[in-house]
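One line per chain: the protein sequences are A and B, in this order. Adding 1356 to a residue's 1-based position in the first sequence gives its number in the working numbering. Adding 1356 to a residue's 1-based position in the second sequence gives its number in the working numbering.
Hints are all accurate, no fakes.
Here are the simulated DSS-like pairs of lysine-lysine, each with C-alpha atoms no more than 27 Å apart in a straight line: (1) B:Lys1359 <-> A:Lys1430; (2) B:Lys1562 <-> B:Lys1622; (3) B:Lys1710 <-> A:Lys1622; (4) B:Lys1745 <-> B:Lys1710; (5) A:Lys1430 <-> B:Lys1419.
Rather than coming from a laboratory, the hints here were simulated on the basis of the structure. Computed from a prediction, not measured in an experiment: that's the story for all the values here.
What follows is the residue order along each chain.
2 protein chains.
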Amino acid sequence: MSKVSVNPTRGMRDILPEEVAKRNLALSSIRSVYRSYGFEEIETPIVESLPLLGSGGGGENEKLIFKILKRGEKLQEAVEGGALEDLLAESGLRFDLTVPLGRFYAANHHRLPRPFKSCQIGNVFRAERPQKGRYRQFLQVDIDVLGDEGPQAEVDLLSAATSALHKIGLEGFETRINDRRILEDLAEKFGFSAPTHKQLFISLDKLDKVDSQAVLEELVTRGFDRVAAGEFLSVLTKFATETDSLAALAELSVPTEHLERLLWVKEALSQSVEGSSDVLIDPLVIRGMSYYTSSVFEISHPKWGTSIAGGGRYDDMLERYQVASPACGISLGFERIMGLLAEMKVARSSEVSKTTVIYDPIDQLRVASETASKIRESGGVASLQMRAKNLGSQIKRLEAEALQRRSEGSKDRFYIWIVGRQGPEEIATEAK
Amino acid sequence: MSKVSVNPTRGMRDILPEEVAKRNLALSSIRSVYRSYGFEEIETPIVESLPLLGSGGGGENEKLIFKILKRGEKLQEAVEGGALEDLLAESGLRFDLTVPLGRFYAANHHRLPRPFKSCQIGNVFRAERPQKGRYRQFLQVDIDVLGDEGPQAEVDLLSAATSALHKIGLEGFETRINDRRILEDLAEKFGFSAPTHKQLFISLDKLDKVDSQAVLEELVTRGFDRVAAGEFLSVLTKFATETDSLAALAELSVPTEHLERLLWVKEALSQSVEGSSDVLIDPLVIRGMSYYTSSVFEISHPKWGTSIAGGGRYDDMLERYQVASPACGISLGFERIMGLLAEMKVARSSEVSKTTVIYDPIDQLRVASETASKIRESGGVASLQMRAKNLGSQIKRLEAEALQRRSEGSKDRFYIWIVGRQGPEEIATEAK
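Chain A on its own, in the form it takes in the complex (with noise of 0.2 Å):
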C-alpha cells in the first residue's frame, strides 16, 4: 500500500476539540444576538452553479473558485472537444455567502417576510496562496437585510454586529460608515468623469498605508490631471477630519442627499443601547466588492491591522436574478475574531466537570452505568473506562492528559473516579 499524506492538502485545516469549543461557543453568542434582532437563520449549499458564482460581481474572489470537475460522460464530451478550464467544470465553491443568498433570495422570495432579515454562517472557500492565518476555507457569519431601501437596514446591521461583538467579549473597536455616492458625487466636481471612478477608488483605496503624496503619484502616473487631484485629496483628507461636513459639501455645492442620510445612520446607532461603538463618517471607506452601489461600512479594532467585519449596500445584485430588490448585508471575519480573542486572551472556554469512571466490567457494570447517568443529568461529562491491568499508568495516563488540556488552556475540571467494593470513590488527582 502506498503511502498516504495525513496532513490537511493543501491551504486546509484541522480543528482540535479546544477550539473547536471556543468557536462554538462564541457563534452561539453571536447567533443569539442576531436572533434578538429578527434575523433569521438560513442554509445554502456549498456547490453552485459555475455561471450563478460569476453572476454576482464578486470581482477578484472570481479568479479564486476552487471548480468541480464534470463527470462521466459530460467530462469525456469536454475532453475531446479539446475544452480548457470552463468547459471541463459547471459547478464550484462559493467563494463568500452574499452570492448565493442572492440566488436563495431569488428563489424563494414568495415564501419570506419583506424585508427579509437573513443570517447565515457557513464556509467558503477561496483558492488563495496559503498563508500563516489565512486559510482556503475559512468561516463566515452574514446578515443581510433584503427587500428595504431605507436607512434602518445599516442600523440594524450595524447594531446587530458591534452587539454580537460585545456579547463574545471583544471592546474598543471602531464602526467607519461610508456612502459611495459621497465620493462619485465629489469626484465629479473636480472634473473627474464616471468611467474613470473604479481606477481612482482603487488608488483612494491605499491611503490608509501610504500618504496622500503617494497616491498623488499614483494618479499622475495613471493619467489623472495632477492639479485637480491634488484639490480633490485635500479636500478629502480636509473632509475625513472636518467636523461640519456636512457644510464642508454645501459649500462646493455637492449634494448633501446622502451624507444626510449616513448622519441618521450615525445618530440611530447612538441611540441603540446594546453594542455601542465609536462611528465615524469617513469618505475612504470602499470596500473592494465590485457589487456595492452606495453604503459601505466596516469594523476594525486597532489591535488588527485590517477590519473584522466589512459590508455594505448591493442593490443591483438581485436584479441580475430578475428580482429587483435594494440589499444590504455585513460579514464578520469570523477567523480574525477568532484570533484577536485568542490574542486578546478574553476567548471565553467552557468550564464544565469531566469524570472518568473507571470499572471492573465483570461485576461493575451496573454500578459505573449509574454513577456515570449521575453526572450526565446533572450537566457533567461521564467517560466510562474499564480498569487497564496496569491501574497506576492507567490514572497517570489520563492526569498526564487532563494537564494538557488545562495547559492549552482548558478551564475544565477532571475528576477521576474507582468503582471500589464500597461504590464509586474519587481518587486524589494532581490535574484537578
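Use these hints to put chain B onto chain A, whose structure you have.
Positioned in the frame of chain A, the structure of chain B alone reads:
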C-alpha cells in the same frame, strides 16, 4: 446580461428559516448529549486530497466523489498530457466523515487523549442521482472512539446515540448489533472459503427485502453449492430468532467468543439508564462499507424503511495512515431523522415572541430603540420598522407573514407595536 438560473445546482437545496431553526434545535440536543458522554467535537476540512479519499475503503462511495479541477499551470500540463479525470483533479469533497477522521487522528494523535472520543458534525457530498429526500449534500453527525479495542467503545457509541435520539423526541426504535466474524466463522463451517464471503454477504444483505428462497436461488446462480447454502441459510434464520444462540453456536462447534462479546455489549446497554432501546443481536446486520472489520450495528425505526443510524468497528483503517489503532464509530443519518421527526410531528421548534416595532424616523427613534432593547434583553426578538406611508397595508403584510409562519408549523408568537404620542402601544392583530 444572460439569464442565470436561481435554482440550487443539481442535487443541492436551500434550507429556509423555519427548518433551519428545527435543525439547530435538534443538533444542539444531540451535541449536548454527545458532550455529556465525553465525545469532543472536532472539524476537518470539506476538501481532502484524492489519494486520501481513495485510501480508506469507502467502497461504492469512492465512485461518487466530487472532484475539484486543477488550476492554472497544473491544469495546462494535465490537459496537454491528454489526461483524463484523475489527472485533471487532485482533491475532492469528502463523501463521509470517517475517512477524514482517520486522517485527522493520524495527523494529530500525539495531541489527543487515548482513547479519543470524537464528535463531528458536517456536510458530506455524493454525486448520486438526486431523488426525493436524497440530496448530493447532506449532514452527518458522527461519534467515534479511537484507541479502544474493548467493548466499552461499542457501548458508549450506542448508548450515546440512542440517548440523543430520545432527547430529540424519537421513541420506539430498535438497535441491532452483530459481529461480522460470527457470520464468517459460520460460513467457514459450511465450507465457504474467505474469498467467497464478500459475495455471500452481499446476497445475504438482501434478506430484509426478499425471502430466503430468493436469496438461495441467487447464491446458486452465483456458483454456491445448493445444499450447503440451503443449510447455511436455514441455520442463519433459525439463529436470528433463537433465544439461546450461544448454545446453538456451540452445538455447531463454532467459536463463541465474538458472540460472548456481543452479549456483554447487550447487557451493558440494558444497564445504561438513558436512551433505552430494544437491543437485538442479529447475525444478518452486515452494513455496506468495506472498512468495517468486526462489530457492526444499526438503529432503525418501524416507521422508516431504512436505518436512521449505523456504524461499526474499522480497526484496520488507521494502519493505512501509519498509526495502527482500533477504531469504532456510529453515524446518525440526520436528514432521515429530521424527516422522521416531521412525519411524526414531534419536531419541536422554538417558541419565541417576535415583535415588530413601527416608528416614525423623524422623532421616535430613541423611544423605538429603547423599546427594542428591552424586548431583546428579556429574551425576545425585536425588529424595528419605519412607519410606511400606508400604515394599514404595512400592518396587513406583517399579519399575513405571521399567519404563513404559523401555517408552516411555527410556534412563535407575533406582536406588532406602534410608537404613538403616548409611547409604544401594542395593537391587536389576528396573527398572535
